Amino acid sequence: MTELEQLLARAEELYRDLRFQAVTDWKARHGGLAIGFMPVYVPRELLHAMGVLPVGVMGAGDDLEIIRGDAYYQSYICHLPRSTIELGLNGALDSLDGMLFPATCDVIRNLSGMWKLQFPEKYAHYLDVPQDFDALVGGQFYRRELEEIADELHRRGARKLEPAALRRSIEAYNENRSLVEALYTLRIDEPWRVPTHELYLLLRAGNVLSVEEHTAMLREYREAVLADADRRSMDQARVLLAGSFCEQPPLGLLRTLERAGCYIVDDDFVQVHRWITGDVRANGADPLGDLVLAYLEQGIASPIRYIDDQAKGQALVERVERSGAEGVIFCAPSFCDPALLDQPMAVAAIERAGIPWTSFKYAENTGQFQVIREQAGTFADSIKLWSE
Amino acid sequence: MKIDYCVGIDLGSTTTKAVVLDGERHILGRGITNSRSNYDVACKVALGEALINARFSLIDGRLEHEGIDAERRRELLTRFELAFREQQYRSQLAALRASLHQHAERLALGAATTSTLERILGTMEQETTELYRVGASRKSDFFRDLAGSRYVELAEAIAREGSHAFDPLVGLFDKAILETENSTEAVGTFESHARKAMVQAGDPALQRAVTKVLSIELVQRLGVGTGYGRQRLPFPEKLIRSEILCHGLGAHAMFPQTRTVLDIGGQDTKAIQVDPNGIVTSFQMNDRCAAGCGRYLGYIADEMNLGLHELGPMAGKSCRTVRINSTCTVFAGAELRERLSLGEKREDILAGLHRAIILRAMSLLARSGGIEDEFTFTGGVARNTQAVKALRVLVGEHYGERKLNTSPDSIYTGALGASLFAWREVSRQEAESVEVLA
Amino acid sequence: MRSDELRVAGIDVGSSAIKVALLRDRGSEGAELVGQATERLRRRDPLDVVDSTLDAALALAGLRRGDLDYIATTGEGEKVECRTGHFYGMTTHARGGLFLDPAVRAVVDIGALHARAVLMDERARVLGHRMTSQCASGSGQFLENICRYLGVTIDEIGPLSLQSQKPETCSSICAVLAETDVINMVSRGITIPDILKGIHLSMAGRYLKLLTSAGARGPVLITGGLARDEGLRAALVELAGEQKVPVEIRMHEHSPLAGAIGAGLWGAFRVRKLSSRGISLSGSRG
Amino acid sequence: MSEKVNPGAAATAALKDQSQERQKAMIAEHFRKLAEAPERGEKCVYTFVPGNLTELIDSFGLLPVLPEINALQSGMRGKSRDYIALAEKLGHSEDVCTYVKCDIGMLKSGNVGPTGERLPNPDLLLLSYTGCFTFLKWFELLGQEYDAPVTMLHVPYQGDGVVTDSMRTYVVDQLKKKIIPALERISGRAYDEEALKERLERSAQAEEDLVWVLESAKRRPSPIDAYFGGVYYIGPIFTAFRGTQDAVLYYRELRAEVEERIALGKGPVTPDGEIANERYRLVVEGPPNWTSFRKFWQMFAEEGAVVVASTYTKVGGVYDNGFRHDPDRPLETLADYCMGCYTNLNLPTRVQMLERYVREYSADGFLINSVKSCNSFSAGQLMILREVERRTARPGGFIESDLVDPRYFSASNIKNRLESYFQMIEQKRAGGV
Ligand SMILES: Nc1ncnc2c1ncn2[C@@H]1O[C@H](COP(=O)(O)OP(=O)(O)O)[C@@H](O)[C@H]1O
Ligand SMILES: Nc1ncnc2c1ncn2[C@@H]1O[C@H](COP(=O)(O)OP(=O)(O)O)[C@@H](O)[C@H]1O
Ligand code: SF4
Ligand code: SF4
Ligand code: SF4
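Residue numbers (numbering that gives the first Met the number 0), protein chains in the order written: chain A, 0 to 387; chain B, 0 to 437; chain C, 0 to 285; chain D, 0 to 432.
One or more hints might be untrue.
Claimed, not checked - One-sided excerpt, in silico: chain D residues whose CB lies under 8 Å from chain A: (1) V111; (2) G112; (3) Y128; (4) A147; (5) Y156; (6) L248; (7) N345; (8) S369; (9) K371; (10) S377.
To be verified - In the DSS-like style, the derived pairs of lysine-lysine whose C-alpha atoms are separated by at most 30 Å in a straight line are: (11) B:K43 / B:K211; (12) D:K42 / C:K208; (13) B:K344 / C:K208; (14) D:K175 / D:K42; (15) D:K107 / C:K208; (16) C:K165 / D:K414.
Hints were generated in silico from the structure; no laboratory data involved.
Please read these numbers as outputs of a predicted model, since none were measured by experiment.
By construction, the Cβ of each residue, glycine as well, lies at the ideal position given by its N, Cα and C atoms.
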């Protein structure tokens, strides 16, 4: 195995590891708390500064058979929460000392209460990120929220939150974010160098590794692919994949899209890595304030944020332009209200801009890709046949 | 002599089951038939079968009375029953033949078709004796399946040699079988078959027993109906009970310690929790989709040209379970073909399909409140050994040690519950009429 | 043979049948269908049937494999060995539909497992589409199952349905459990034509929904195997009228071949496009 | 049934009580005002039922429009199927909340309201983001259709089951800095705290009577049905009338009527007559189905099943836990009201509430109607079912339908389940045998 292959094998192993062994290992080495979080965004810097390992819990993909999870959710609710409950029930999350449920949607919100009922001994907190983006209104509220979380974690054994430590953590995540961004840019320039199913595995690895380890992994990967002479360009259509910001698609789906002739040149996977655009200010006197401000002012346009004035559609069109995508595939989880309610507005903007698009839904455990392959293939065909 | 009985009829989507219960709440007989035919007929046939079965057990009782030992009795009864079934089969085959010819004539299919039909039917008739030989194996107990699969095989062979097109032959069969099934006459009467069969079996003790039993009058006190088709049951509304309650009570009667019941029938799957008195405390049912119930396996069996009996044993040979990705039955059928063509083993795919259906049941069970000790598996699919095995494995993995009850008669659970309700109703009415009299 | 003439084959590997179309393509001067063959799979391995079906079509047209400039597959044909290239189902049905009926701007392809509405422009570029999901209710296979339960052959369906006087309404039913529903209807004394028409109408409802949500209007061609079903077409026409859907449903005798035809034509298109760039395909022609 | 005016048009025929007549008249009057608003230069505020700021809006002389009510009305009047179909045709997913699609469909079909009159366009979209994430998307969508400003009131969720000072401050800050200035801008009037207090005072009065009526169901037999009947009783207080004199009168009258029923020992009125024999007392969680509301009710009434308490009648405000609007803390009380709405409570609190209802109302069992549309309600209901069952040892039932999408109301399925459920209670009562 080449080094690159080894690295990818490690990332895939992390992706498939439904018992979160990496977290247990980290705790054995560092002895801190590990706190799980659901999609989409939590300020991982805060946890990191307190010596806590933030662990992204993004469902269980297609490897887990749902036995008891269905006892918690009706058929018309997305798949993510049922696999998460299943993980909780079968002990896979025992290494976590608590869970954060950010204000992503009603399903995750209600899951926070279910967690309290089901695992009363564990810390479970609903993180109500503000929808008011005024520093003096929503900002103040958010700050109080974060302080409360920090106090609670401290009570439960985490280090006290110190500004200096927080500044260092912000720097660590700034570096991580810029490496993620660099890979996204590289994929835009040379999509054959950074196949999406690989990039995806790397992002997923960031859910369970410490930021330091993850940053090292990203760097190593980048160097390896730049040096790999075997990767060559193919005749594929360039597409932007929109809508997979919460429940994550199965790896097989991404492979299917790539095989059906698509280069994915931008996407919404594991958005916590890219929620804040650019660097968070790391040298101010009030790093907590800086973190709050970054949330208010540097956040991306996402379906789970309130944005009026059609700014969201515009942001998508700009992403298409920036990534040189020839079309957009809306690929959202079934029954995902935020993604699916957003879609008509995004579609309208994309249509106004004359960009081709198509759409389909998935669940994290979808195993049958025939229909998706047909659709994506047709979409790629129509782009390829008509491109000059 | 006269015996009072109550009957419970479970009008299932695939099969209709009847249980005949005497005044002591002992099961006298059980009967089952396809529900394909119309509902009235299905009920009649199931009851008829249950009464035949009742008479068989009465005959057994007579023989015992005469001091004949158990082994000899079993042998005699087997011989008698096979002879009886053979008579029945012949009678139905004759009806089928008449109907086939009628349709061929109406469609003016011509002499070639008539003679082809004769070729097929002639062969089938010849094979009848062999089919009911002691020790011979049969694909099914239902005339439709038994005659149907042989007819199709023969028609296919004829089509292969180029003598006659296949589709019209099958078309004729599909029409004729509907008619044959829907006719109670085609089945014939107990008495006439029994008389012939007892002669055929040729044993004086048996003849005495049969003659004696033929003179017993079986008197129905009340019938209670349940099941998928319960709105259409030929019963007054007061005598209809929800299938959930009947299954709960029936399972309780069979296994008094049971707390969780899983019933996988042809068209629906139910997960039921009952208390120590057999009272249902919670339940879950699936939606109307074949994925996850018996028809799923039936469809797959058809796709593979296998009998339902053969499915479980074949899957049992697997050492590697394939994961089936399609939920929809039809798509699973397509997936099956695709996988076969990719060279995967038939038994492995089948094992995957069985696991898939049990996985769905697991989620219903979870919804109804989990799996308690004891746990009873009923319905037609409980006859499938592989389904039982898959269930055992999954229950063990996720709920730990549970006593799992199954019974060869579990398909009759609902009907048994209904027959118990019938006797309760009789007692209630009697109590009421006593009140009125007083 | 003229020098700019191309000979191409399109192979549609379906879930129930292999369809092959042979075409002579003269670029801007149009193309013509010169041979065809359809072979039902009947549970055989599609890849085994592909070769024999292709050879059967070639034999009928008096051609050999070596004569072909491009062998294009569609449907499940990605794995076919002899292919020059593969195009996806909706791309090919759009092209095939346009070839069969140049007036249409939409096709509704109804096959054994899926149905899809495809919108295209005058150059057969796919503009939009809608597909049925992972439930076979209302598919070709569904109809085939119904036939079995009713004891009629697939070719009888159309004519029988057309005789219906009082179609029985039936809501969406499971392709497998339909058996009981159908038996129910039979036992209630409903005639076979009325049952079939009812089923056709409910299927038509689904397809119309696909068409309207894809935004189709004007002439629409039915392609795929169910295009043979006159009863279904009648139901579509009737329902479209009732619901005031502005579409005109059409059929063509070669509709079931549309995918294969489209694949072949796209093959020719690729050959020309690449050769205009000076690339020649290591195609079949020696 | 020509009066298409209140949320129970289909059932009003049988409910001829005076209070009903009054409610109908109030609603008719409100829609007439709305229809005439553009002409008369009156301004409209679109907003949602949970966390609505009716008193505040009214104190500026503005008229509230509640899209959810329009959607449920469309459901009752059999229009929702077409509206939803239209919205889906326009690209809305089958999977999402049907209230939104119903509203969009109605908008695209000319925005004709329940009384057949055209609804005015909004002058302000006041997004009270309370207890449901979908509201946010809903107004983003409406924001694209109308040329009206949107103002957001983000009501924090009771994630830990309590209202903290931080949360209250956040809401009050938004009221002061965002909502009130926006209302001032469009109404051209200054904030008048006295006017607000007056309205809050009246709200509290009406709330007192409402709670009395709802709690009357603790009696045997219950004089009211607290779910099917309950949706009428909450009408005024959940919608445009809280804080008005009309509402005060309505609830006074309603209370008197219920007192009379109690005196006569009567059971609840249903569209098909009175329930003379109360056989099952149920607590129900989840919204009703509107498209087959009457049929749905019938399935209960026929069996003598009376709903004695429900959570749906708390979506627009929970009052039976002691909360009343308090004129002495005008903005704080509004904040507390918003944060206390049912869907803003976390799951453990919802479980406690149901448990309390089952006990206090001596219910034989409790039933969940899980609607496909609404994640806010539905996500977690299966767990609620088991928790309440465990805590009360009363049998729980579970049925599935939808708010306004008739495709998800399968009468035979629901009837089958209800029948089995009632037989189950019956059998349990009979103690087996
Ligand atoms: N001998 C058998 N071996 C295996 N499976 C069987 C057998 N008999 C019946 N089944 C299964 O049971 C199903 C019918 O179950 P049943 O309980 O009779 O259904 P219902 O009550 O709906 O009529 C069939 O679809 C088939 O899958
Ligand atoms: N005369 C007919 N009437 C109705 N359906 C027909 C007729 N002939 C073929 N079909 C149906 O067409 C389907 C096959 O369509 P096709 O487009 O070839 O599917 P696929 O490409 O998936 O194999 C079969 O399900 C068959 O039932
Ligand atoms: S996938 Fe969508 S609906 Fe499901 S939890 Fe995530 S955001 Fe919520
Ligand atoms: S998914 Fe398949 S099995 Fe289920 S209802 Fe649809 S056709 Fe029937
Ligand atoms: S999701 Fe529920 S609470 Fe939210 S708008 Fe829809 S129906 Fe109302």
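Now the hints, each set against the structure:
1. V111: With a closest approach of 22 Å, the V111 of chain D hint is violated.
2. G112: G112 of chain D check fails; min Cβ-Cβ to chain A is 23 Å, beyond 8 Å.
3. Y128: holds, 6 Å
4. A147: Because about 10 Å separates A147 of chain D from the closest Cβ in chain A, which is outside the 8 Å limit, the hint is violated.
5. Y156: holds, 6 Å
6. L248: Interface hint status for L248 of chain D: violated (37 Å vs cutoff 8 Å).
7. N345: Result: holds, 4 Å to nearest chain A Cβ.
8. S369: This interface hint holds because 6 Å falls under the 8 Å limit.
9. K371: holds, 5 Å
10. S377: holds, 6 Å
11. B:K43 / B:K211: holds, 24 Å
12. D:K42 / C:K208: Since the Cα atoms of K42 of chain D and K208 of chain C sit roughly 39 Å apart, the hinted pair is violated (cutoff 30 Å).
13. B:K344 / C:K208: violated, 40 Å
14. D:K175 / D:K42: It holds: about 21 Å lies between the C-alpha atoms, which stays within 30 Å.
15. D:K107 / C:K208: holds, 19 Å
16. C:K165 / D:K414: Holds, because 29 Å separates the two Cα atoms, which is no more than 30 Å.
The structure shown violates the earlier hints numbered 1, 2, 4, 6, 12, 13.
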